[in-house]
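Chain by chain, the residues run as shown.
Number of protein chains: 2
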Amino acid sequence: MSSPPKNFGVVLFPGFQSLDVFGPLDVLNILSTETNLNLSILAATLDPVSTKHKQGKISNSNFHESIVPTHTFDSAPKDLEVLLIPGGFGTRDEANLRPAIEFIKTVYPSLKYCLTVCTGSAVLAKTGVLDGRQATSNKKAFVWAKEQGPNVKWVSKARWVVDGNIWTSSGISAGIDLIYAWVEQVYGEEIAGFIADSSEYERNRDSGRDRFAERWGVAEL
Amino acid sequence: MSSPPKNFGVVLFPGFQSLDVFGPLDVLNILSTETNLNLSILAATLDPVSTKHKQGKISNSNFHESIVPTHTFDSAPKDLEVLLIPGGFGTRDEANLRPAIEFIKTVYPSLKYCLTVCTGSAVLAKTGVLDGRQATSNKKAFVWAKEQGPNVKWVSKARWVVDGNIWTSSGISAGIDLIYAWVEQVYGEEIAGFIADSSEYERNRDSGRDRFAERWGVAEL
Numbered sequence: 001m002s003s004p005p006k007n008f009g010v011v012l013f014p015g016f017q018s019l020d021v022f023g024p025l026d027v028l029n030i031l032s033t034e035t036n037l038n039l040s041i042l043a044a045t046l047d048p049v050s051t052k053h054k055q056g057k058i059s060n061s062n063f064h065e066s067i068v069p070t071h072t073f074d075s076a077p078k079d080l081e082v083l084l085i086p087g088g089f090g091t092r093d094e095a096n097l098r099p100a101i102e103f104i105k106t107v108y109p110s111l112k113y114c115l116t117v118c119t120g121s122a123v124l125a126k127t128g129v130l131d132g133r134q135a136t137s138n139k140k141a142f143v144w145a146k147e148q149g150p151n152v153k154w155v156s157k158a159r160w161v162v163d164g165n166i167w168t169s170s171g172i173s174a175g176i177d178l179i180y181a182w183v184e185q186v187y188g189e190e191i192a193g194f195i196a197d198s199s200e201y202e203r204n205r206d207s208g209r210d211r212f213a214e215r216w217g218v219a220e221l
Numbered sequence: 001m002s003s004p005p006k007n008f009g010v011v012l013f014p015g016f017q018s019l020d021v022f023g024p025l026d027v028l029n030i031l032s033t034e035t036n037l038n039l040s041i042l043a044a045t046l047d048p049v050s051t052k053h054k055q056g057k058i059s060n061s062n063f064h065e066s067i068v069p070t071h072t073f074d075s076a077p078k079d080l081e082v083l084l085i086p087g088g089f090g091t092r093d094e095a096n097l098r099p100a101i102e103f104i105k106t107v108y109p110s111l112k113y114c115l116t117v118c119t120g121s122a123v124l125a126k127t128g129v130l131d132g133r134q135a136t137s138n139k140k141a142f143v144w145a146k147e148q149g150p151n152v153k154w155v156s157k158a159r160w161v162v163d164g165n166i167w168t169s170s171g172i173s174a175g176i177d178l179i180y181a182w183v184e185q186v187y188g189e190e191i192a193g194f195i196a197d198s199s200e201y202e203r204n205r206d207s208g209r210d211r212f213a214e215r216w217g218v219a220e221l
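Going line by line, the protein sequences match chains A and B.
Under UniProt numbering, the first sequence is numbered contiguously, ending at residue 221.
Under UniProt numbering, the second sequence is numbered contiguously, ending at residue 221.
Excised from the complex, chain A in its bound form:
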C-alpha cells in the first residue's frame, strides 16, 4: 500500500461554481489539521479568479467572489497527487476553459486521483481522459454534459461514480458527499466520520441514491 496523498491541486477558471470548490475544500481544510497536506490553487494567471459569469436571467446583479491562485498552470508543482475540478457556468465558454483543459491533459497521467464536482466532469470529458470510463455530472445540465464526451459511459442516476482513480459527482452539493466518501476510502472511516460530525453534515453515503435524476428528467438517459 502506498501512503495517502499529501499534495492537492484545485483547478480554477472564471465562472466556476463556488460550492463545487469549497464543499470539498472545507472538508480537506479540516483534514489538513489532522494530517500533513498541501494545497495548490491553480489558474491560467495569478490574478484572482471570479465566480462571475454571463448566464442567468438577471445581468445587473453584482454578486460574486474572487479567489487568489497560488500557482499558474505553467508553474504548478510537479508532485500533484490529487486534482479537484469544479464545474459552473464558466464551463460553457470554450476559450475561457482552454488553459484548464490543456493543463488537465498534461497533469492527469501523473495523478493518483482526479475528482470532479458538477459539470467538472464535462471539463474532464473534453480532455478525453474520461473516454470509455463511467462518470456522472450535474443532473440539470446532464444533456449538455453528455455532449461534451460522447465516448464516456455516462451514469445518470448516481450521487457519485468511481471508475479507477477518477471520482465524478453529480451537481454542486453532491461534491460534499463525494469528498467524504473519498476521504473515507483513502484516509479511513474514523476521520471521515469525525469531520462530518464536526461539520454537522448529514452525509448521503449511498452513491446510487439520487432523486435529482428524476427531478430533472434524465433518469432514463
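Because the hints were derived from the structure by calculation, they are not lab data.
Note that the structure is a prediction, hence the values are computed from the model and not measured.
Take the hints with a grain of salt, since some may be wrong.
The list cannot tell twin chains apart, which means a pair is met if one copy fits it or any two copies do.
Taking lysine to aspartate or glutamate and the EDC-like style, the derived pairs with C-alpha atoms no more than 20 Å apart in a straight line are [claimed, not checked]: (1) K52 with E34; (2) K6 with D131; (3) K126 with E102; (4) K54 with E34; (5) K157 with D197; (6) K157 with E220.
Once you have looked at the hints, place chain B on chain A.
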C-alpha cells in the same frame, strides 16, 4: 410589506471557516441570477483574507484559501441590508477579530437581517447585539460560544434559530439549511425550492431537528 433586500455584505476575518461563507453565498450567487442583488465582501483591509489559522494538531500543513475583499469595514456601503457573519477558528483570537466586532456593532442598527453561521453567533454575541435574544451555535464549540455571550438565551438543540431579524445557525453545514429557510421566508418557497433542486441539495427544513447537540454532548445545556 417592504421590498426584499438587495444589498448584502459578508464579514471576513483571518481564519474564517470557508463553508460558513460559501454554503450560504453559493445559494445567494444563484439567487442573484434570478433577482437583482449586490454583494460586498468586507474585511479590515483590502488584502486577501485567508482561512489559515493556528489551531489543529498538525502545524505543517499548507492548505488554505484566500478571498479578495471588495471593501474595508471603513469603506463599507451605507445601504447594507443583510449581513452574513461566518465562524471559524479565527474567532478565538480577540485581536484578530476586533475590527469585525467594531464594524458589526456600528452597522447592525441599520440592517434588515443579520445571519450567522457556526461560531459566527459567538462573534455577534461579543458585540452585545444578541443580549436577551435566542440564538444557537456550533455544537462542538457550544460551551465556548456560550461563554462569549452570558446574556444570550442560547438554544443548544436547533439546526437554526430565528429571533427578530437575527438568524443564527448551528455548525458549518447548518448554514446551508439556514440560508434556504431564509430565502424561502424572504423571497418565497418556489425560488428556494428551485435553487435547492438545481444545487441537488437535500434540505433539513426542520429548525428543531439537530442530532449534533447529542453527538457533542450539549443537548442538556
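Right, here's what the structure says about each hint:
Within a single copy, K52 and E34 get their C-alpha atoms only as close as 34 Å, which misses the 20 Å cut-off; across copies the closest is 14 Å, which meets it. Proximity of K6 to D131 under the C-alpha cut-off of 20 Å is found in neither arrangement, the shortest distances being 27 Å within a copy and 45 Å between copies. Taking CA atoms no more than 20 Å apart as the test, K126 paired with E102 passes inside one copy only; the shortest distance there is 10 Å, against 49 Å between copies. Proximity of K54 and E34 under a CA criterion of 20 Å is satisfied inter-copy only: 13 Å between copies versus 39 Å inside one chain copy.
Within a single copy, K157 and D197 get their C-alpha atoms only as close as 27 Å, which misses the 20 Å cut-off; across copies the closest is 15 Å, which meets it. Within a single copy, K157 and E220 get their C-alpha atoms as close as 8 Å, which meets the 20 Å cut-off; across copies the closest is 41 Å, which misses it.
In summary, the one numbered hint that this structure violates is 2.
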